[in-house]
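Chain L is fixed; fit chain Z with the ligands onto it per the hints.
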Amino acid sequence: MSGGFFHIPSDLQNTYFGLVGLHLREALIPVAAGLLIALPIAQLCVRLRWLYPPVLGVTTVLYAIPSLAFFVVLIDYTGQTETTVMIPLAVYSLVVFIPAIVDGVRSVPQETLDAATAMGLGPVRRYLQVQLPIAAPAIIAGLRVATVSSISLVSVGMLIGNQGGLGNLLHDGQIYHQNRLIWLSVVGTAVLAVLVDALLVLLRIALTPWMPRGSGSRRTKAAGARPGTDTEARPEPAVTALEDAVR
Amino acid sequence: MIRIDSVTKRYPDGTVAVDRLSLEIPDRSITVLVGPSGCGKTTTLRMINRMIEPSEGTILLDGADITKQPVNTLRRSMGYVIQNAGLFQHRTIIDNIATVPRLLGWSKDKARARARELMERVGLDGALAKRYPYQLSGGQQQRVGVARALAADPPVLLMDEPFSAVDPIVRKGLQDELLRLQAELGKTIVFVTHDIDEAIKIGTMVAVMRTGGRLAQYAPPAELLSDPADAFVEDFLGTDRGIRRLSFFPSTGLELTTTAIVAVDATAEQIAARATPDVPYLLVTGLDGRPLGWSAPGDLTAGAVDPAELLPFGRPFVHGEESLRAALDGAVLSPTGWAVAVDREGRAAGVVSQQTIAEAIRTAHAEGRDAAKVAG
Ligand SMILES: Nc1ncnc2c1ncn2[C@@H]1O[C@H](COP(=O)(O)OP(=O)(O)OP(=O)(O)O)[C@@H](O)[C@H]1O
Ligand SMILES: [Mg+2]
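Heads up: the sequence lines are chains L and Z, in that order.
So in the working numbering the end of the first sequence lands on 248, straight run, no missing numbers.
So in the working numbering the end of the second sequence lands on 529, straight run, no missing numbers.
Simulated from the structure, these hints should not be mistaken for laboratory data.
For every residue, glycine included, the Cβ atom is placed at its ideal position computed from N, Cα and C.
Be aware that one or more of the hints could be misleading.
Restraint ranges, calculated between C-beta atoms of paired labels, are given here [said to hold, decoys possible]:
| # | chain 1 | residue 1 | chain 2 | residue 2 | range |
| --- | --- | --- | --- | --- | --- |
| 1 | Z | L213 | L | P41 | 17 to 27 Å |
| 2 | Z | N225 | L | L200 | 38 to 48 Å |
| 3 | L | I66 | Z | G365 | 48 to 58 Å |
| 4 | L | R126 | Z | A375 | 42 to 52 Å |
| 5 | Z | P308 | L | Q111 | 25 to 35 Å |
| 6 | Z | R181 | L | R126 | 28 to 38 Å |
| 7 | Z | M154 | L | L129 | 32 to 42 Å |
| 8 | Z | R333 | L | R126 | 29 to 39 Å |
| 9 | Z | D166 | L | R48 | 12 to 22 Å |
| 10 | L | R214 | Z | R333 | 33 to 43 Å |
With the rest of the complex left out, here is chain L (with noise of 0.2 Å):
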């Protein structure tokens, strides 16, 4: 593609929508690996009370480590590649899926558990039948803190060659001193984050049939209006994001 809006130098020898799909991928694979190894990260946690603090501490520490000093140490070993890259994302990742995870699956009502329990599922189908299908809004909440800010962190790459998906045109916009292209670094990364993000609240909505109508703002009013069934409210998924986000 040459000329118009979109073009794109020829040092990055990609077309603007290749970058795109780049950035995708550098974004949503180390999501993706994160969200595999936090899950039975976060199941040990759950069965091992004592577990949690420490694992908890751990992320966060790894958390703190800035992106660079993980390249620095992983060049060595996986080169200017966009492994290099996506490893630290994965590793980020954690800090928001295993608290998302534990919360999730810890409030699970006892009630439910000692159901499925009575009724005879053992343990791995009482983990996959019941406490998992039930945690999923909890997960989901995470995943969705977890892509976003996955995809705003893949620019980084561009450090080490190139390797930053649509961030690499924030280095060429500088060196040719041409706004047009930071512009669509920046707004395409946020276009990318809040298409991304929308389809995960799609997948929830579709995953989650059995929550209450009218999660988000409405979601006190409709669990209210729950009749008979167990007071505690699940927190919107906005604020266990912000949560966990925190954490």
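The following block gives chain Z with the ligands in isolation, referenced to the frame of chain L:
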């Protein structure tokens, strides 16, 4: 039969929740465990399906030690109903009910067909099948809990305070429903409650437990009321056990006065003929035979009876069907001191005075004592 044989449960922190408890739980009947909070009812119930393992003693199911079969097989053969139902909030009503059949390997269609059948059984509208638990009322959820427990037709049903989270009117409905279901299904039910009235209403046998997990008395409800084993049981039964015991005496033998009834269109001769010195009031009925109210014979004008002028007649009792308790209640509620007996259709069958009811109570007590002597 479930036999609890000298079972003790000591929790790791040293709490003795159940202390050398022995109980024989008869088949096809409702056995109620009742007692104050913390006396070990839930612990006892959960030892039967091995959610809790006893520290000492054994539990036998049809003569075989329950630890001899795989724990999940045992559990799937015992329905379990708890307070607040404990439904799976992420599954539809029909899939909640189909849980155990699915675990047992039934096909989805067969399990769902069975679930629909059970919804009907427990009085749930089929339209609720595709709803989620949050869309149901507490009473409906509890019915789903019962249906779910019954889904695989287990011979045993364990119920832990299943109706204590719903309001009294819904609770009464659920209790009646359980008794009706039990008459149809004949399960071996172990039912935990802290409500002695519930225990007396639904229990075939009632085990009263005291704090510390010891058995205070194990007896049919009528015996519990007539012969509490000790001061604890007596105290637990509450103050009006004499009155409540009357629920176990039928009103069948009660001799009704049938002459003191006149229809609303009675003639002066009829009124005069019915007014006798031993009956100070006449019961006026509608043309359909239903009671309208009481009146002194002198206040009745033939052909011009105004139902609004009559004295209220309280709550009538169904003769032969309801107990002496209902009859006495009717007499106490009636301003004339006479209870109104009706037939099943609600037509006045006769009237009966407090004195006659008191006489019947004395007779029933005497017969109860004789029966106890024969049995003992
Ligand atoms: N896991 C546990 N660890 C230690 N003690 C326990 C445990 N579970 C129950 N207990 C204690 O054992 C005793 C019996 O408890 P249980 O739950 O069987 O009582 P309950 O009769 O069902 O009471 P309620 O009517 O309040 O439900 C109580 O003193 C309780 O505190
Ligand atoms: Mg209990």
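Hints that the structure is at odds with (numbers, increasing) = Going through the list in order, the structure violates hint 1 alone and respects the others.
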